[in-house]
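Here is how the chains run, residue by residue.
There are 4 protein chains.
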Amino acid sequence: MEVEVNIRKLQDSLEEFAVERDWNKFHTPKNLAAALTVEASELLEIFQWMTDEDSLRISDSEKDMGLIVEELADVQIYLLRLCDKLKIDLEAAVEAKIAKNALKYPIHLSKGNAVKYNRREE
Amino acid sequence: MEVEVNIRKLQDSLEEFAVERDWNKFHTPKNLAAALTVEASELLEIFQWMTDEDSLRISDSEKDMGLIVEELADVQIYLLRLCDKLKIDLEAAVEAKIAKNALKYPIHLSKGNAVKYNRREE
Amino acid sequence: MEVEVNIRKLQDSLEEFAVERDWNKFHTPKNLAAALTVEASELLEIFQWMTDEDSLRISDSEKDMGLIVEELADVQIYLLRLCDKLKIDLEAAVEAKIAKNALKYPIHLSKGNAVKYNRREE
Amino acid sequence: MEVEVNIRKLQDSLEEFAVERDWNKFHTPKNLAAALTVEASELLEIFQWMTDEDSLRISDSEKDMGLIVEELADVQIYLLRLCDKLKIDLEAAVEAKIAKNALKYPIHLSKGNAVKYNRREE
Chain Y
16 MEVEVNIRKL QDSLEEFAVE RDWNKFHTPK NLAAALTVEA SELLEIFQWM TDEDSLRISD
76 SEKDMGLIVE ELADVQIYLL RLCDKLKIDL EAAVEAKIAK NALKYPIHLS KGNAVKYNRR
136 EE
Chain R
16 MEVEVNIRKL QDSLEEFAVE RDWNKFHTPK NLAAALTVEA SELLEIFQWM TDEDSLRISD
76 SEKDMGLIVE ELADVQIYLL RLCDKLKIDL EAAVEAKIAK NALKYPIHLS KGNAVKYNRR
136 EE
Chain A
16 MEVEVNIRKL QDSLEEFAVE RDWNKFHTPK NLAAALTVEA SELLEIFQWM TDEDSLRISD
76 SEKDMGLIVE ELADVQIYLL RLCDKLKIDL EAAVEAKIAK NALKYPIHLS KGNAVKYNRR
136 EE
Chain W
16 MEVEVNIRKL QDSLEEFAVE RDWNKFHTPK NLAAALTVEA SELLEIFQWM TDEDSLRISD
76 SEKDMGLIVE ELADVQIYLL RLCDKLKIDL EAAVEAKIAK NALKYPIHLS KGNAVKYNRR
136 EE
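Chains as they are written, first to last, in my numbering: chain Y, 16 to 137; chain R, 16 to 137; chain A, 16 to 137; chain W, 16 to 137.
Because the hints were derived from the structure by calculation, they are not lab data. Mixed in with the good hints there might be a few duds.
All copies of an identical chain are treated as equivalent in the list; a pair is satisfied when it fits inside any one copy or across any two copies.
[Claimed, not checked] Below, a list of computed lysine to aspartate or glutamate pairs in the DMTMM-like style, where the Cα atoms sit at most 20 Å apart:
| id | residue 1 | residue 2 |
| --- | --- | --- |
| 1 | Lys24 | Asp104 |
| 2 | Lys40 | Glu30 |
| 3 | Lys102 | Glu77 |
| 4 | Lys78 | Glu30 |
| 5 | Lys112 | Asp67 |
| 6 | Lys102 | Glu30 |
| 7 | Lys119 | Glu68 |
| 8 | Lys126 | Glu57 |
| 9 | Lys100 | Asp75 |
| 10 | Lys126 | Asp69 |
| 11 | Lys100 | Asp27 |
| 12 | Lys24 | Glu68 |
| 13 | Lys115 | Glu77 |
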């Protein structure tokens, strides 16, 4: 797997794609957020009737994996578009969120349970 | 904005985070796909009552932008987790999808309209 | 438009449908909640690139309305299934929520703005 | 559980609620579809880290059931609003969809599997 991803290059390809098709008028932040949700749900659809065990063995199915790769790519594409339109540095955003989550979910309170921090009974 | 993102480093941080909290048992592909959809919807919620014009001016609101950066990061985090669990090369997936979309949406048929390729009347 | 809807009769039809196909094993509350989200997103997909004005004129398009009616029905179907499985009285739930919303969104604070009650600056 | 639900009465309450708060300007079909998706995801969030077994035992948790009832009500509320705005007869839509599903999923092809009709290998 590639280690370094050139975000800017991907965003430039996507912008060019939109310009060529005169699609920027559709790509408002609101519409991109809606499209992102729709694509995430298309990914979820692949898993919706599976048991947890089925989902753990999904790599065995080449057909399912092909569908998953495409839906994941769609989610990533709209995420890149939205960050480009809003001038958001995605890597910095992820690093900041990981740091914040470490504060919200200290190990001694979170070990082995996934209770949302604001529903935790302390 | 950073140009090169080190995907592997982010994925390793996220894996470490999960291991320390014994959360890998929750992180089945199915559950990560559900979490991804939930986070995408939390992003959409910020925009849901806005007009297109409001959404185009959203960068003016520091408060909204703060919320958006966090939700975008959450979506990216679950996307990275899912790709790590399923050994998917996200950059290759995005590049392949852009190439496929160029075939599905040729410029002369798509210019100025966003009709889904399988609903197009040819 | 029909005024009285016989919820029980619809739920019985849906249960019979599931029993005949041996689908109850798939219809866990979690899976039904996932399916509900997926169907809601399919509805949203129809609107995702529309302007607000386009969406206000959607009744003019027989084709779009046909798609919308089907997606709305799918959402209602999974909602009915989930309420049946969890023994929830949907009408009572809606009435209770309207009453609760009236407290959360008093007219003098909410008139003309859609700020979520927990983000309101009082 | 109530058998007959007076859809019209609920829709009239919701319309009155919107009029009093001058919220009809926000309630375009597109925005209502987005809100519906957001609420469906909030329901899914309750289940996202549960195993299937956890989700089958959810009725045991009064706290979770309280959250679920509220989120289900929100989904139903936006569904009723959207049908009201678009003059869609929800009961007729559900009955038509059940009939259509019976054709798409004949018992002998669907028994015990949940393969989507358009992915079935016949």
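How the hints compare with the structure:
Both within a single protomer and between protomers do Lys24 and Asp104 lie at most 20 Å apart by alpha-carbon distance, with minima of 14 Å and 16 Å respectively. Taking the shortest Cα distances, Lys40 and Glu30 sit within 20 Å of each other inside one copy (12 Å), while across copies they are farther apart (32 Å). In this homomeric assembly, Lys102 and Glu77 come within 20 Å of each other (Cα to Cα) only across copies, at 13 Å, whereas the closest approach inside a single copy is 37 Å. Taking the shortest Cα distances, Lys78 and Glu30 never come within 20 Å of each other, neither inside one copy (30 Å) nor across copies (27 Å).
Taking CA atoms no more than 20 Å apart as the test, Lys112 paired with Asp67 passes in neither setting, with 27 Å inside one copy and 28 Å between copies. For the identical chains of this complex, Lys102 and Glu30 are intra-copy neighbours only, at 13 Å inside a copy versus 28 Å across copies, given an alpha-carbon limit of 20 Å. Taking the shortest Cα distances, Lys119 and Glu68 never come within 20 Å of each other, neither inside one copy (30 Å) nor across copies (28 Å). In this homomeric assembly, Lys126 and Glu57 never come within 20 Å of each other (Cα to Cα): the closest approach is 31 Å inside a single copy and 24 Å across copies.
Taking CA atoms no more than 20 Å apart as the test, Lys100 paired with Asp75 passes between copies only; the shortest distance there is 13 Å, against 38 Å inside one copy. Taking the shortest Cα distances, Lys126 and Asp69 sit within 20 Å of each other only across copies (18 Å), while inside one copy they are farther apart (25 Å). Taking identical chains as interchangeable, the C-alpha atoms of Lys100 and Asp27 lie at most 20 Å apart only when both belong to the same chain, with a minimum of 11 Å there against 28 Å between chains. Proximity of Lys24 to Glu68 under the C-alpha cut-off of 20 Å is found in neither arrangement, the shortest distances being 38 Å within a copy and 28 Å between copies.
Within a single copy, Lys115 and Glu77 get their C-alpha atoms only as close as 37 Å, which misses the 20 Å cut-off; across copies the closest is 18 Å, which meets it.
Violated hints for the displayed structure, listed by number in ascending order: 4, 5, 7, 8, 12.
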